[in-house]
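Novice: Take a look at the letters that make up each chain.
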Amino acid sequence: MLDLMDITAGYDRARPVVRGVSLSVAPGEAVGLLGPSGCGKSTLAKVAALLHRPDRGSVVVDGRAAPGWRHRAPRELRTAFGVVFQQPRLAADPRLRLADLIAEPLRAAGRRGEAAERLAELVPRVGLGPELLGRRPHEVSDGQLQRACLARALVLRPRWLICDEMTAMLDASTTAALVAVVEEYRAESGAGLLAVGHDRVLLERWCDRTVRWEALAQHASSRPRAAVR
Amino acid sequence: MADLTWHPARSHGGRDHRSLRVGASAVIMAAVLLAVLLVPPLVPMDAQAVDLAAKLQAPSLAHPFGTDEVGRDLLLRCVYGLRVSLLVGVVAALTATVIGTAVGALAGALGGWADRAVMRVVDLFSSVPHLLLGIFIVAMFRPGVWPVIISVGLTHWLSTARIVRAEVLSLRGRPFVDAAVSGGASRWRVAVRHLLPGVLPRAGLAAVLMVPHAIWHESALSFLGLGLPAHEASLGIMVNSARSSLLAGDWWPTLFPGLFIIVPTLAVAGLAGAWRERLDPRRRSELML
Numbered sequence: 001m002l003d004l005m006d007i008t009a010g011y012d013r014a015r016p017v018v019r020g021v022s023l024s025v026a027p028g029e030a031v032g033l034l035g036p037s038g039c040g041k042s043t044l045a046k047v048a049a050l051l052h053r054p055d056r057g058s059v060v061v062d063g064r065a066a067p068g069w070r071h072r073a074p075r076e077l078r079t080a081f082g083v084v085f086q087q088p089r090l091a092a093d094p095r096l097r098l099a100d101l102i103a104e105p106l107r108a109a110g111r112r113g114e115a116a117e118r119l120a121e122l123v124p125r126v127g128l129g130p131e132l133l134g135r136r137p138h139e140v141s142d143g144q145l146q147r148a149c150l151a152r153a154l155v156l157r158p159r160w161l162i163c164d165e166m167t168a169m170l171d172a173s174t175t176a177a178l179v180a181v182v183e184e185y186r187a188e189s190g191a192g193l194l195a196v197g198h199d200r201v202l203l204e205r206w207c208d209r210t211v212r213w214e215a216l217a218q219h220a221s222s223r224p225r226a227a228v229r
Numbered sequence: 001m002a003d004l005t006w007h008p009a010r011s012h013g014g015r016d017h018r019s020l021r022v023g024a025s026a027v028i029m030a031a032v033l034l035a036v037l038l039v040p041p042l043v044p045m046d047a048q049a050v051d052l053a054a055k056l057q058a059p060s061l062a063h064p065f066g067t068d069e070v071g072r073d074l075l076l077r078c079v080y081g082l083r084v085s086l087l088v089g090v091v092a093a094l095t096a097t098v099i100g101t102a103v104g105a106l107a108g109a110l111g112g113w114a115d116r117a118v119m120r121v122v123d124l125f126s127s128v129p130h131l132l133l134g135i136f137i138v139a140m141f142r143p144g145v146w147p148v149i150i151s152v153g154l155t156h157w158l159s160t161a162r163i164v165r166a167e168v169l170s171l172r173g174r175p176f177v178d179a180a181v182s183g184g185a186s187r188w189r190v191a192v193r194h195l196l197p198g199v200l201p202r203a204g205l206a207a208v209l210m211v212p213h214a215i216w217h218e219s220a221l222s223f224l225g226l227g228l229p230a231h232e233a234s235l236g237i238m239v240n241s242a243r244s245s246l247l248a249g250d251w252w253p254t255l256f257p258g259l260f261i262i263v264p265t266l267a268v269a270g271l272a273g274a275w276r277e278r279l280d281p282r283r284r285s286e287l288m289l
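Top line first, the protein sequences correspond to chains D and B. The first sequence begins at 1 in this note's numbering and counts up by one. The second sequence begins at 1 in this note's numbering and counts up by one.
Note that these hints are calculated values from the structure, not bench results. The beta carbon of each residue, even a glycine, is placed where N, CA and C say it ideally should be. Hints may contain errors.
Claimed, not checked - Example chain D residues on the side facing chain B (calculated, C-beta under 10 Å, incomplete):
no., residue
1, Ala91
2, Ala99
3, Glu104
4, Val140
5, Gly143
6, Arg159
7, Met169
8, Leu170
9, Ser189
As the list claims (entries may be wrong) - DEER-style ranges, computed between Cβ atoms:
no., chain 1, residue 1, chain 2, residue 2, range
10, B, Gly112, D, His138, 28 to 38 Å
11, D, Arg95, B, Ile135, 41 to 51 Å
12, D, Glu76, B, Val27, 54 to 64 Å
13, B, Gly23, D, Arg95, 26 to 36 Å
14, B, Gly112, D, Arg125, 34 to 44 Å
15, D, Arg125, B, Pro197, 42 to 52 Å
16, D, Glu131, B, Pro197, 47 to 57 Å
17, D, His138, B, Pro41, 20 to 30 Å
18, B, Ser19, D, Gly134, 57 to 67 Å
19, B, Gly258, D, Gly110, 17 to 27 Å
Stated by the list, open to error - Far from chain B, by Cβ distances over 12 Å, these chain D residues were calculated:
no., residue
20, Arg15
21, Pro67
22, Gly82
23, Asp93
24, Pro94
25, Arg95
26, Val123
27, Leu133
28, Asp164
29, Gly190
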């Protein structure tokens, strides 16, 4: 079970973008989080993946409260999450070749030996040609790069997938292909999914249950105070 | 059917100007490096050889740059002086860059209070005129090459630290660092594999831009009598000791060492400027002197 409990988070303590949000994802369940741009759903996704420390609230993963965030979270807890970001260009280190990009989590864990085997399995699965593996991010398209980023998120076989607007930059056929890859992985591994987006049609077809941001957040960003300051 | 051939616009004059500058800089640097590396081992003349009978001779075939007030050949002494200047310039710039990169990367990677504390130390150092600080450091040692290098290196890491810190801060906030953290990378791995490689080109550029500055500092310290021992061939010392003869109308003992300070440093700066324009085409290069 992945439980976000009473999360308040943001980048300025005086003006949190997420206020008192609670959300649960069961193992094997796909939850869609639907909200307009800039409402704070990406911040919530980062909190869920232990990448952003909330001002208040806790994240409980399989009954165990996360003891810290980012580097303060134990490695095996961090790597229980596979995260796919909205913009593949920004989410890929521009100096790494695609093969290194995908295998990077294995290397960080000291499991370099498994890289070749995992690559051989994942690369065709996400629909990348082997000739692309030697290229750097600027030499491939957005769609190809996002496929590589998805492969990177799956390489450590995470129990939870966080897809933050994974398909916002992509065309319809690539979107369908990537969603199919995620669903195939979830079917065989039983991983839970938190998919964040603003495409209602997509999320309602993809997920078991779709939650609207307005229903979750207590008037989270309905009254922006930025203009006052 | 309409004529659809496309004629590219003629390039502006600026570009030719730039390539001319780069070409000239490259030629000058090549000549300087050849002279500095080949003359001392190949030319069996002594740069310290005094010949009072031939003092203050105007440029001639025997002495193309003339002779100084004790009859030493100025061309030879200029080459030896440039050798010292380049050594000091390169080593001091590298020292400053290594210190600056380490401090800036540390501040940027740690963030928070550590960052603020380190950057206030940088501000504190910046508030003291660095030539003054350099004079203070160099005065603690006997005259020689190493005190000058230490003095320039210890006073010139500040701007590099600022550049590197800013770069690390901007890289640290990008999603690919989030992705690395989520993939289980340790702090060290994030710093070494993802942040440092992104910062190194800029640090290298800062190092090259620092070389002319360091050369000018060596000359300034030597001119003030604080750099190298007085008998050594150093461009700053040569300009200083030639001042008295300048008033008597002997222009060559000041002109040639002065040119040897200015022209090679401008050449280094020209090459560094071209590198910066390739690295960051949106920003016009400026000299860091």
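Novice: Note whether the CB distance of glycine 258 of chain B and glycine 110 of chain D lies within 17 to 27 Å or breaks it.
Specialist: Once the Cβ atoms are compared, 59 Å apart, the range 17 to 27 Å for glycine 110 of chain D and glycine 258 of chain B is violated.
Novice: Lying within 20 to 30 Å: is that true of the beta-carbon distance histidine 138 of chain D to proline 41 of chain B?
Specialist: 46 Å, violated
Novice: Taking C-beta pairs only, is aspartate 164 of chain D more than 12 Å away from all of chain B?
Specialist: With a cut-off of 12 Å, aspartate 164 of chain D comes too close to chain B, as the shortest Cβ separation is near 9 Å.
Novice: Range hint 54 to 64 Å: satisfied by the CB atoms of glutamate 76 of chain D and valine 27 of chain B?
Specialist: 60 Å, holds
Novice: Would the hint on arginine 159 of chain D stand, with a C-beta cut-off of 10 Å toward chain B?
Specialist: Interface hint status for arginine 159 of chain D: violated (13 Å vs cutoff 10 Å).
Novice: For the hint on glutamate 104 of chain D, does the least C-beta distance to chain B fall short of 10 Å?
Specialist: OK, holds: glutamate 104 of chain D within 10 Å of chain B, min 6 Å.
Novice: A cut-off of 12 Å on Cβ-Cβ distance, and glycine 190 of chain D was said to be off the interface with chain B. Does that hold?
Specialist: 20 Å, holds
Novice: Against chain B, run the beta carbon of alanine 99 of chain D and see if the smallest gap drops under 10 Å.
Specialist: 15 Å, violated
Novice: Is the Cβ of glycine 82 of chain D more than 12 Å away from each Cβ in chain B?
Specialist: 8 Å, violated
Novice: Given the hint of 47 to 57 Å, is the C-beta distance from glutamate 131 of chain D to proline 197 of chain B inside that range or not?
Specialist: 25 Å, violated
Novice: Return holds or violated for the Cβ distance of glycine 23 of chain B and arginine 95 of chain D against the range 26 to 36 Å.
Specialist: Hint holds: Cβ distance 31 Å, inside 26 to 36 Å.
Novice: Tell me if the interface restraint on valine 140 of chain D is satisfied: Cβ within less than 10 Å of some Cβ in chain B.
Specialist: With a minimum Cβ separation of about 15 Å from chain B (threshold 10 Å), the hint on valine 140 of chain D is violated.
Hint violations for this structure: numbers 2, 4, 5, 6, 7, 8, 9, 15, 16, 17, 18, 19, 22, 23, 24, 25 and 28, all remaining hints satisfied.
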